[in-house]
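Engineer: The lines below spell out each chain.
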Amino acid sequence: MKLFGALVVLTGGMFLASLFVGYAAISAPEGLAALFGQGNPLYVTIMQDIRLPRALLAAMVGVSLGLSGAAMQGYLRNPLAEPGLIGVSGSAALGAVIALQTGLAAAFLLALPIAALAFAALAVGLILLLAGPRGSSLTLILAGIAVSAFAAALTSLTLNLSPNPYAASEIMFWLMGSVANRAMSHVWLALPIMALGWILLAGLGRGLDALTLGEDAAEALGISLSRLRLQLLLGTAAAVGAATAVAGAVGFVGLVVPHILRRFAHGRPSTLLWASALGGAAMVLAADLTTRLILPDRDLKLGVVMALIGAPLFLHLIYKTRREIA
Amino acid sequence: MTLLTVQNLTVRRGECPVVDNASFAISPGECVGLIGPNGAGKTSLLRGALGLLPFEGTSTLAALPTRKRSAQAAWLPQNREIAWPMSVERIVALGRLPYLARGARLGPTDQNAVDAALTRMGLQTYRARLATALSGGEQARVLIARTLAQDTPLLMADEPIAGLDPAAQIATLQVFEALAQEGRAVLTSLHDLSLAGRYCTRLILMGAGRIIADGSPRDVLTPDLLAQVFRLQAEVLDTPHGPIIQPLGVLT
Numbered sequence: 001m002k003l004f005g006a007l008v009v010l011t012g013g014m015f016l017a018s019l020f021v022g023y024a025a026i027s028a029p030e031g032l033a034a035l036f037g038q039g040n041p042l043y044v045t046i047m048q049d050i051r052l053p054r055a056l057l058a059a060m061v062g063v064s065l066g067l068s069g070a071a072m073q074g075y076l077r078n079p080l081a082e083p084g085l086i087g088v089s090g091s092a093a094l095g096a097v098i099a100l101q102t103g104l105a106a107a108f109l110l111a112l113p114i115a116a117l118a119f120a121a122l123a124v125g126l127i128l129l130l131a132g133p134r135g136s137s138l139t140l141i142l143a144g145i146a147v148s149a150f151a152a153a154l155t156s157l158t159l160n161l162s163p164n165p166y167a168a169s170e171i172m173f174w175l176m177g178s179v180a181n182r183a184m185s186h187v188w189l190a191l192p193i194m195a196l197g198w199i200l201l202a203g204l205g206r207g208l209d210a211l212t213l214g215e216d217a218a219e220a221l222g223i224s225l226s227r228l229r230l231q232l233l234l235g236t237a238a239a240v241g242a243a244t245a246v247a248g249a250v251g252f253v254g255l256v257v258p259h260i261l262r263r264f265a266h267g268r269p270s271t272l273l274w275a276s277a278l279g280g281a282a283m284v285l286a287a288d289l290t291t292r293l294i295l296p297d298r299d300l301k302l303g304v305v306m307a308l309i310g311a312p313l314f315l316h317l318i319y320k321t322r323r324e325i326a
Numbered sequence: 001m002t003l004l005t006v007q008n009l010t011v012r013r014g015e016c017p018v019v020d021n022a023s024f025a026i027s028p029g030e031c032v033g034l035i036g037p038n039g040a041g042k043t044s045l046l047r048g049a050l051g052l053l054p055f056e057g058t059s060t061l062a063a064l065p066t067r068k069r070s071a072q073a074a075w076l077p078q079n080r081e082i083a084w085p086m087s088v089e090r091i092v093a094l095g096r097l098p099y100l101a102r103g104a105r106l107g108p109t110d111q112n113a114v115d116a117a118l119t120r121m122g123l124q125t126y127r128a129r130l131a132t133a134l135s136g137g138e139q140a141r142v143l144i145a146r147t148l149a150q151d152t153p154l155l156m157a158d159e160p161i162a163g164l165d166p167a168a169q170i171a172t173l174q175v176f177e178a179l180a181q182e183g184r185a186v187l188t189s190l191h192d193l194s195l196a197g198r199y200c201t202r203l204i205l206m207g208a209g210r211i212i213a214d215g216s217p218r219d220v221l222t223p224d225l226l227a228q229v230f231r232l233q234a235e236v237l238d239t240p241h242g243p244i245i246q247p248l249g250v251l252t
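Quick note, the sequences are listed as chains A and B, same order.
Heads up: the first sequence begins at 1 in the working numbering, then just goes up one per residue.
Heads up: the second sequence begins at 1 in the working numbering, then just goes up one per residue.
What the hints contain is simulated information worked out from the structure, not anything from laboratory work.
Among the hints, a few may not be true.
[What the hints assert, rightly or not] Here are the simulated distance ranges between beta carbons:
1. A:P79 <-> B:P37: 34 to 42 Å
2. B:K68 <-> A:T139: 24 to 32 Å
3. A:A202 <-> B:A227: 55 to 63 Å
4. A:G103 <-> B:K68: 53 to 61 Å
5. B:G137 <-> A:P296: 55 to 63 Å
6. B:G14 <-> A:A202: 35 to 43 Å
7. B:P108 <-> A:A202: 25 to 33 Å
8. B:T109 <-> A:G12: 32 to 40 Å
9. B:N112 <-> A:L16: 41 to 49 Å
10. A:L16 <-> B:E182: 52 to 60 Å
11. B:E182 <-> A:A152: 57 to 65 Å
Glycine included, every Cβ here is placed at the ideal spot set by N, Cα and C.
One chain only, chain A, in its complex shape (with noise of 0.2 Å):
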């Protein structure tokens, strides 16, 4: 309980700060009462249009990678596991990719998150047809692993053929994953899809703690393991998806976040599940703060903050439990 206390204070102040910290310099009276549509029109404009769907995406995006990086270790019972694995979100990337380099992003607002979150349906569609409704876990990585490949080979393709840079950079930019000036019709698309794939994902706790002792083990205590890795999957896939399609590929946080909490979470893959659904949206809210405190002129992208804090983070986790892990 304590954790969750602390990281219930945590995620809110970053979520605070995500959205009382900002180019404009707006007091935080100033900008409470813009975000309910009092005072300066200009200032309720930046909190509602601009900051409130970062601030939100951030933290929706943190947890459903959080939440599914958790999920993913759990059910494969190994630390490096982590949501890219399955290869929605390559897929989904592929999808936004497409609809960068064929114009059709331009066409409408949401043409690029509902190209991306299509893709994503098709790689979940793909991997349950080569994985089988019952299988084993390996099957499952082994499929994610191969539609990864193809996604990722189609998307090097598409840059290849890029007829001018321009869409190129774009491109490049996108993958490197943002949340910055997206609207709140972006929240709207991506929420319903994210909770549903929270909701999947938050049932599996039970199974996850009783496939600490294996496979045959759980089943045995009466965890059905066809369906808990149906719903993994599903729940992954719309999380994952969702957040790829609005914010692009950020890494890490699924690898990083669970592996840091493990330790306060008593090692149970069910605590640790809601655990890095916080640590989540608090990790990505700080990446994305990040990104406007330092170069706020140069548009700096949340990926690549992300990779630079969780890439050292990582290192000295290693350092510190090398002889846990060896």
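With the hints as your guide, set chain B onto chain A.
Structural biologist: Relative to chain A, chain B alone:
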């Protein structure tokens, strides 16, 4: 009343039956040892009876819905896995999962079952230690305690004493013996024939997927059957502690 009835159970790996038409029943108060050489089909028989493998024939356990089955029989698999650095107490408490509602905490009954399991396996002082930091034998005892915490009428274990020191082997089998005397039942595979003869009330001998003999230790552990199934030349000493098997050589 029986706790498990298996009839004409056949488990196939590809075309080849690894368990061939096995039938037996287990009643409360029995501690049944499943013996046989490597590859005789002991693990497949146990997993098939639990419904963890596709099979032909009938098994009363496999016919139950998963939730009911987990309240009827606890299962200790052969490969001992503890994936995450959790405390011994939390690992043992996983045995209470079938009884807990989604997201519920351990109630007093659950805590009592966990405490009793820890005490039975002599693990009280290990309670707060990280299970992953223990030795292989200690981890095996933690996992046995986990199945005890499940508090089921039937306990099925696959080579539970492999890799334990002699005292821990005997202590574990004494726990099984005590469970049987309390009116529960245990079905366990094991390789130590003398210990099987001493602590089991009944032995099932498997060879090449078939049940070759099923009866009291004195009837099953005979030089003839040992030679026929294990290819073992052995002397069987009848002692007040039960039959003691002295293997002398391998028959070719």
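Engineer: Determine for every hint whether it applies to the structure shown.
Structural biologist: Here is what the structure says about each hint:
1. A:P79 <-> B:P37: 34 to 42 Å: The hinted range 34 to 42 Å holds for P79 (chain A) and P37 (chain B), with Cβ atoms some 38 Å apart.
2. B:K68 <-> A:T139: 24 to 32 Å: holds, 29 Å
3. A:A202 <-> B:A227: 55 to 63 Å: holds, 59 Å
4. A:G103 <-> B:K68: 53 to 61 Å: 59 Å Cβ-Cβ, so the 53 to 61 Å window holds.
5. B:G137 <-> A:P296: 55 to 63 Å: Holds, since G137 (chain B) and P296 (chain A) (Cβ atoms, about 59 Å apart) stay within the stated range.
6. B:G14 <-> A:A202: 35 to 43 Å: For G14 (chain B) and A202 (chain A) the Cβ distance comes to about 40 Å; the hint holds.
7. B:P108 <-> A:A202: 25 to 33 Å: holds, 27 Å
8. B:T109 <-> A:G12: 32 to 40 Å: With a Cβ separation near 37 Å, T109 (chain B) and G12 (chain A) satisfy 32 to 40 Å, so the hint holds.
9. B:N112 <-> A:L16: 41 to 49 Å: The hinted range 41 to 49 Å holds for N112 (chain B) and L16 (chain A), with Cβ atoms some 45 Å apart.
10. A:L16 <-> B:E182: 52 to 60 Å: Once the Cβ atoms are compared, 59 Å apart, the range 52 to 60 Å for E182 (chain B) and L16 (chain A) holds.
11. B:E182 <-> A:A152: 57 to 65 Å: For A152 (chain A) against E182 (chain B), whose Cβ atoms are near 60 Å apart, the range 57 to 65 Å holds.
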